[in-house]
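Same order as they appear, the protein sequences are chains A and B. Residue numbers for the first sequence follow the working numbering, so the first one is 1 and each next one is one higher. Residue numbers for the second sequence follow the working numbering, so the first one is 313 and each next one is one higher.
A portion of the hints provided could be inaccurate.
[Claimed, not checked] Label-pair restraints from in silico Cβ distances:
# : chain 1 : residue 1 : chain 2 : residue 2 : range
1 : A       : 247       : B       : 600       : 40 to 50 Å
2 : A       : 148       : B       : 443       : 56 to 66 Å
3 : A       : 90        : B       : 524       : 13 to 23 Å
4 : A       : 223       : B       : 475       : 26 to 36 Å
[Stated by the list, open to error] Covered by chain B, per the in silico footprint, the following chain A stretches (three or more residues, Cβ under 8 Å):
# : segment
5 : 86 to 95
6 : 119 to 132
7 : 193 to 199
Simulated from the structure, these hints should not be mistaken for laboratory data. Glycine included, every Cβ here is placed at the ideal spot set by N, Cα and C.
So the chains spell out like this:
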Amino acid sequence: MTRHLLSAADLTLADATLVLDTAAELETILATSSVGKLPTLRGRTVVTLFFEDSTRTKTSFELAAKRLSADVIGFAAKGSSVSKGETLKDTALTLEAMGADGIVVRHSWSGAPVNLARHVRGSVVNAGDGTHEHPTQALLDAYTMRQRLGRVEGLKVTIVGDVLHSRVARSNVLLLHTLGAEVTVVAPPTLLPVGVGTWPCAVSYDLDAVLPTSDVVMMLRVQRERMGVSYFPSSREYAQRYGLDVRRAERLREDTIVMHPGPMNRGVELASEVADGPRSTIVAQVANGVTVRMAVLYLMLGSAEPAIGVTL
Amino acid sequence: MTRPAGPGWLIQGVLPYGEGPRVDVRLVDGTIVEMGTDLSAGDCQVLDASGQVLLPGFVDLHTHLREPGREDAETVESGTRAAAAGGFTAVHAMANTDPVADNAGVVEQVWRLGAEAGHCDVAPVGAVTLGLAGVQLAELGTMADSAARVRVFSDDGLCISDAGLMRRALEYVKAFDGVIAQHAEEPRLTVGAQMHEGEHSGRLGLTGWPSVAEEAIIARDCLLAQHVGGRLHVCHVSTRGSVEILRLAKARGIDVSGEVTPHHLLLTDAAACGYDATYKVNPPLRSQDDVDAVREGLADGTLDVVATDHAPHAPQDKEAEWGAARPGMTGLETALGIVALTMVGPGLLTWRQVADRMSERPARIGRLLGHGRPLAVGEPANLVLVADTAWTVDRRQTESRSHNTPFHGTTLPARVTATFLRGVRTASA
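Please take these sequences and the hints and turn them into a complete structure.
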């Protein structure tokens, strides 16, 4: 039975915990391994299918697959048939004919991984679709929280920024809720989706009111082009009202951590001093990304019966 | 319409408007010549339709026949064959073809293709603006005076958002009793829009199409129509607020009519959750509350007509990512069944009212002579027979060249068994 990871909502508490525990084991094993590599996925083929540029996520998945000894094929959209008008369905049929066991897909349209999964027998892992979801980012964020704070359950997590357009925010709200954290999203009202009141999180427009009680502050990338369509007046005003600057960071509790999925706009949503300071987990998040993606690929492709994911 | 008149039909045992007692109806030379009990067949062909509902042939105010330009998705011939199968004896062919139906040449071509096919009458809709560009009026009067006798003008698919232009259009068509059929969508509020803006759009990460983008234009256009004394028709009304605005406008005596599609009577935005672009349509599927409101509006007559917005698309235009797929659904062959399911079954409309909403009023709005007429001796034999036979929609079995129905697998409680266009049978189940 093929299973896919399309949304953080596909993961039960047991599934999510299994991923995090598996990642921890893999980290331990790799730390003691002399070759830095495991034979687990030998003979399995993982395709990274990126319709949208993202060097860091693509590299992270490819490294994860290679450390598990999978055959990795990068299927970049640019320069390939994909950019010549080939439909997603045709691309899926091509990959199917080539016998891909796992397909890691990044796409600029929300829902494209779901559409892809309907046409292939391999397991599809959503590596970010439009403004929808990015479930492995949420998993690596949860892993990082557990690493730094020892748990996820009961943590007060504040997610700040362009929630409307953020796949990171959507996946994090869903996964952190599953794991028992208390999430608050903070943004100017223009950058919150209609219906956010039905999400399993609290909503605030006031960053200063939420910061003192936060265990985790996750800053989202704010794109300057949003100014052009009046989501906010200027990056200066945005930084003043929603940026985590030095002054605000000083009012955080001592053990509060600051996260960012990258790439960040230094001086806009996050001051450089904070990004490079001791609270920051930004570099750890990148390292953990590889480990968590190894866990996901292992659990989905490592045996005949996938341990996690959803069936369509 | 070029078919020779046959010896005629004797249809036995029907219920006109679904109301008893059963009568036999004789059609000769395109006309209802006799209605009564136990009529003798004579040399007429006999059709036993015992217990079936007899209605005036349906008139669709909103059909995309795709010809000229996208004959791979639909042609006038295939689209009107689908219309006849759905019980329609006339359809209004929307103007967003390639080339655009913004001149007498194109509307006459479409009209002639319809006449040649003979499945149902085709009333071409003329574009309001040249090339649907929303800048300069097309030659509306020339299209009105052409052989196609255009009375309905629309830039459907695109909204005439310029208030000054909309005013002039409403004013100008008064000279030939025309109507402007507006696709109400404030473009500045729907940039990149993919689905109804609500709880589901937020979760799915699809850009929202807010109800207010429709309602704001309808409110503006009603006031413009009042100001210039023009005739306004609102295409595919989809929200509760729109129904309320139309109700208010009608109470004020403004000459406005509204249509609702079968899909907006049944489906909600929850259908988008699997990212299956079959359910992508413009205006988008709305909330259950909106569905309830358009049903109420159709029931009390605030919404005048059911119009299909039949929008055939080639497979590659629908089997794509949601954002890349074209909006639209087919609807001609399922319209009656959906109305039976959503309106007649729950007691919101009688069959007599179905005749009003699907035949009489749309014919009146489109100024179509010979359609939407009473079921009476001496009237044109444009008729449809409906049986309360349940059937399940199968997207592979269509007269339409396209298969993008959102109702695949849905069981409908009634079906069209026969359609007659001026006494000639154009469809049989």
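Violations among the numbered hints, reported as their numbers in ascending order: When the structure is compared with the hints, only number 3 turns out to be violated.
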